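Number of protein chains: 2
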Amino acid sequence: MIIAVDVDGGDYAPKEIIKGALKAAQEYKIGLILLGKKEVIHVHAGHYLKKLPIEIVHCPQTVTFNEHAVEAIKGKPKSAIVIGTSLVKQGKADAFISAGNTGAVLAAAFFILGKIEGVERPALGAIITTRPHIPSLLIDAGANAECRPNHLDEFAHLGNIYAKQVLGLENPRIGLLNNGEEEAKGTKLTLETHQLLKKSKLNFIGNIEGHDISLNKADVIVTDGFTGNIVLKTLEGLGDALLKVRKVGHAIDSAAHLRGRALLADVGLGSMVKGMDFEECGGACLLGVKGTIIVAHGRSHARAIKNAIGLAKRTAEKGVDKLIAEDIKSRTKAGTEGDPKNVNTPV
Amino acid sequence: MIIAVDVDGGDYAPKEIIKGALKAAQEYKIGLILLGKKEVIHVHAGHYLKKLPIEIVHCPQTVTFNEHAVEAIKGKPKSAIVIGTSLVKQGKADAFISAGNTGAVLAAAFFILGKIEGVERPALGAIITTRPHIPSLLIDAGANAECRPNHLDEFAHLGNIYAKQVLGLENPRIGLLNNGEEEAKGTKLTLETHQLLKKSKLNFIGNIEGHDISLNKADVIVTDGFTGNIVLKTLEGLGDALLKVRKVGHAIDSAAHLRGRALLADVGLGSMVKGMDFEECGGACLLGVKGTIIVAHGRSHARAIKNAIGLAKRTAEKGVDKLIAEDIKSRTKAGTEGDPKNVNTPV
Chain A
964 MIIAVDVDGG DYAPKEIIKG ALKAAQEYKI GLILLGKKEV IHVHAGHYLK
1014 KLPIEIVHCP QTVTFNEHAV EAIKGKPKSA IVIGTSLVKQ GKADAFISAG
1064 NTGAVLAAAF FILGKIEGVE RPALGAIITT RPHIPSLLID AGANAECRPN
1114 HLDEFAHLGN IYAKQVLGLE NPRIGLLNNG EEEAKGTKLT LETHQLLKKS
1164 KLNFIGNIEG HDISLNKADV IVTDGFTGNI VLKTLEGLGD ALLKVRKVGH
1214 AIDSAAHLRG RALLADVGLG SMVKGMDFEE CGGACLLGVK GTIIVAHGRS
1264 HARAIKNAIG LAKRTAEKGV DKLIAEDIKS RTKAGTEGDP KNVNTPV
Chain B
964 MIIAVDVDGG DYAPKEIIKG ALKAAQEYKI GLILLGKKEV IHVHAGHYLK
1014 KLPIEIVHCP QTVTFNEHAV EAIKGKPKSA IVIGTSLVKQ GKADAFISAG
1064 NTGAVLAAAF FILGKIEGVE RPALGAIITT RPHIPSLLID AGANAECRPN
1114 HLDEFAHLGN IYAKQVLGLE NPRIGLLNNG EEEAKGTKLT LETHQLLKKS
1164 KLNFIGNIEG HDISLNKADV IVTDGFTGNI VLKTLEGLGD ALLKVRKVGH
1214 AIDSAAHLRG RALLADVGLG SMVKGMDFEE CGGACLLGVK GTIIVAHGRS
1264 HARAIKNAIG LAKRTAEKGV DKLIAEDIKS RTKAGTEGDP KNVNTPV
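Chains as they are written, first to last, in my numbering: chain A, 964 to 1310; chain B, 964 to 1310.
For reference, chain A alone in the conformation it holds in the complex (with noise of 0.2 Å):
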């Protein structure tokens, strides 16, 4: 199992993801194939250069934060962004991750990989976790802000096949995100996608509401990219607070620092602010283009890289992109053979 990691992206490159991605290579038996300024690399990875399965690809270009996606991708074919995708997509590496320029990332996974026949717009899984231990797929977290029903039934089926391999759930609950739980609530979008999801062979819950994230009522909560980015950056805002609020009491005093530590502990509070930490899930899974993409997030401290990387093993070994263009092969030839129910909505 080969990782490909961008060290050039992200709020604090190169040094925290150099770091993340050393403890990932040892802790998960795996080979590296950082991508960055060579001497930079040089310089951080040190002697665990020589230690461990690591392989150095020299980037000189660089996708900056701000920059237009696609331009970017376009005018920067020696990015790491750009170089990292193309290793995916000649098989010379199992997954790529990235911190950097999201929409860089996105469109490097559409015009290289490419999409999976018969998905039209792949999406952005994120795995939260806001009670402890208990995790759920938020399904788009982001990449799509202007979807149609159609793509929300995609990103149903995306989900159901990442939370059945990837949380190893046997049957998820699919819940569609709603402003009520009643079939006749909501917005022309979620009332035309609740109509599609009943039809699929989903394990189609219903709506769910903003409440019911934390209740963990659905293992995949499907919604449109503009609400999900909102929804997991309002989670991770409050982690941040809470592990600020934390930290400030460990400040105050050391006394109290330590019967905080037992007690949060006691209470479950310890884990569940760690499930809030968006270091602890490390990264979104791009679902639908052909190959593993983990997009981490740009505050990324080396944890979250280590976490991201793991994420991208579990990824790639599931082989879940294979996993989706058979789900869709099967349902595609469902719908031809005469069942309704299975048949994709048009374009």
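Calculated directly from the structure, the hints in this document are not laboratory data. Keep in mind that a hint or two might mislead.
Any copy will do: because identical chains look the same in the list, a pair fits if it lies in one copy or spans two.
[Said to hold, decoys possible] Once the Cα atoms are required to be at most 16 Å apart in a straight line, the calculated EDC-like pairs of lysine to aspartate or glutamate come out as:
#, residue 1, residue 2
1, Lys1078, Glu1145
2, Lys1127, Glu1280
3, Lys1148, Glu1109
4, Lys1055, Glu990
5, Lys1151, Glu1109
6, Lys1296, Glu1080
7, Lys1161, Glu1144
8, Lys992, Glu1280
9, Lys1151, Glu1280
10, Lys1285, Glu1109
11, Lys1055, Glu1280
12, Lys1055, Glu1002
13, Lys1161, Glu1243
14, Lys1164, Glu1133
15, Lys1285, Asp1203
16, Lys1180, Asp1203
17, Lys1037, Asp1203
18, Lys1148, Glu1030
Just so it is clear, the structure is predicted and the values come from calculations on it, not from any experiment.
We have chain A already, so just place chain B on it with the hints.
What follows is chain B alone, placed relative to chain A:
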């Protein structure tokens, strides 16, 4: 100051509603009109009826949670929602609060009180407090699921006045909730709204993201009612979850309970949880109608109702509805007098 209270709506009606109303009457020195079943009110309010300035208005009809809003209002003229709203219209009550069917409360407000001239879409303004003691206003918290840019521009102006009056802010920072900070990011709705807000005379600070909510980056968070509903309920759900883990901790070990309270206070978590608890703010205010209407949460217990009545009192005292009408007039006037910045977007 007389507040009309629907004791017939909400999950814990009538007992908890009456209990909260009685507390509010004592604490805020206000008069009450309790609307519901006469005999039931007598049972729960008991001897307070003689001690406090309370009037009872018997309402033989009940609007249930799942009823179609407009049909309920038209078919049940003797319900607490219709009679309570009419009391505000007639000037017999300064405000009306209800924890009943939200749609029906909004419909009654539209039909009976009417919209303020110049307002196309009244919106729900909800006070949220993710940081201890630092509230911000989320608008629209759920009245309008589908919106156009001029509606969001309107919400910003409504929220601006409410934040000035009820949060006591001189020059509220208006932020547009979006899936990216950059001006060029967003959906068609947020991109166009951004341009309208830039042209306004508001203190528009630009786009804010989900994580900025708990950073209190903006005083007024402008969004459509679909996103607003989901964000509000996501925050509420987390508040509930935090309260729950605290309670579990307490149950495990009463010594830990005492240590726990001290510690949570030390680190600021106690007040943070309090801030995320919807009962603390009590309810959302419907802005843009002629009169003061507070929508309390369906799950309101006595404390939430008491706080919702407190909010109703503050809102009515400030005459927020009249200030909104004046603001629209002055902006329209400025517009016709040649300042193109102040012209409202045509409907």
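**Asked** Between Lys1164 and Glu1133, at a C-alpha cutoff of 16 Å, which is it: within one copy, between copies, both, or neither?
**Response** Answer is within: at 14 Å inside a copy they meet the 16 Å cutoff, but 55 Å across does not.
**Item:** Intra- versus inter-copy proximity for Glu1280 and Lys1127 (alpha-carbon distance at most 16 Å)
**Value:** For Lys1127 and Glu1280, the Cα distance is within 16 Å only inside one copy (13 Å; across copies 56 Å).
**Same-copy or cross-copy closeness of Lys1296 to Glu1080 [CA-CA at most 16 Å]** = within (13 Å within a copy, 57 Å between copies)
**Message:** I want to check one pair: Lys1055 and Glu1002. Are their C-alpha atoms no more than 16 Å apart within a copy, between two copies, both, or neither?
**Reply:** Classified as neither: same-chain Cα gap 22 Å, cross-chain 78 Å, threshold 16 Å.
**Item:** Homomeric proximity label, Lys1285 with Asp1203: Cα distance no greater than 16 Å
**Value:** neither (36 Å within a copy, 40 Å between copies)
**Alpha-carbon proximity between Lys1151 and Glu1109, which holds within one copy, between copies, both or neither at 16 Å** = This pair counts as both: shortest intra-copy Cα distance 13 Å, inter-copy 8 Å.
**Request:** Up to 16 Å between alpha-carbons, please classify Lys1037 paired with Asp1203: within, between, both or neither.
**Result:** Answer is neither; intra-copy 36 Å and inter-copy 48 Å both fail.
**Request:** With 16 Å as the alpha-carbon cut-off, assign the pair Lys1151 and Glu1280 to within, between, both or neither.
**Result:** neither (38 Å within a copy, 39 Å between copies)
**Request:** State whether the alpha carbon distance between Lys1148 and Glu1030 is at most 16 Å within one copy, between copies, both, or neither.
**Result:** between (39 Å within a copy, 12 Å between copies)
**Item:** Homo-oligomer pair classification [Glu1109, Lys1148; C-alpha up to 16 Å]
**Value:** Intra 20 Å, inter 12 Å, cutoff 16 Å: inter-copy only.
**Prompt:** How do Lys1285 and Glu1109 come out at 16 Å by Cα distance, when the copy is not named: within, between, both, or neither?
**Reply:** Neither: 27 Å inside a chain and 37 Å across chains, both beyond 16 Å.
**Asked** Under a CA distance limit of 16 Å, which applies to Lys1055 and Glu990: within one copy, between copies, both, or neither?
**Response** For Lys1055 and Glu990, neither the intra-copy (21 Å) nor the inter-copy (71 Å) Cα distance is at most 16 Å.
Hint check: violations occur at hints 1, 4, 9, 10, 12, 13, 15, 17; the rest are consistent with the structure.
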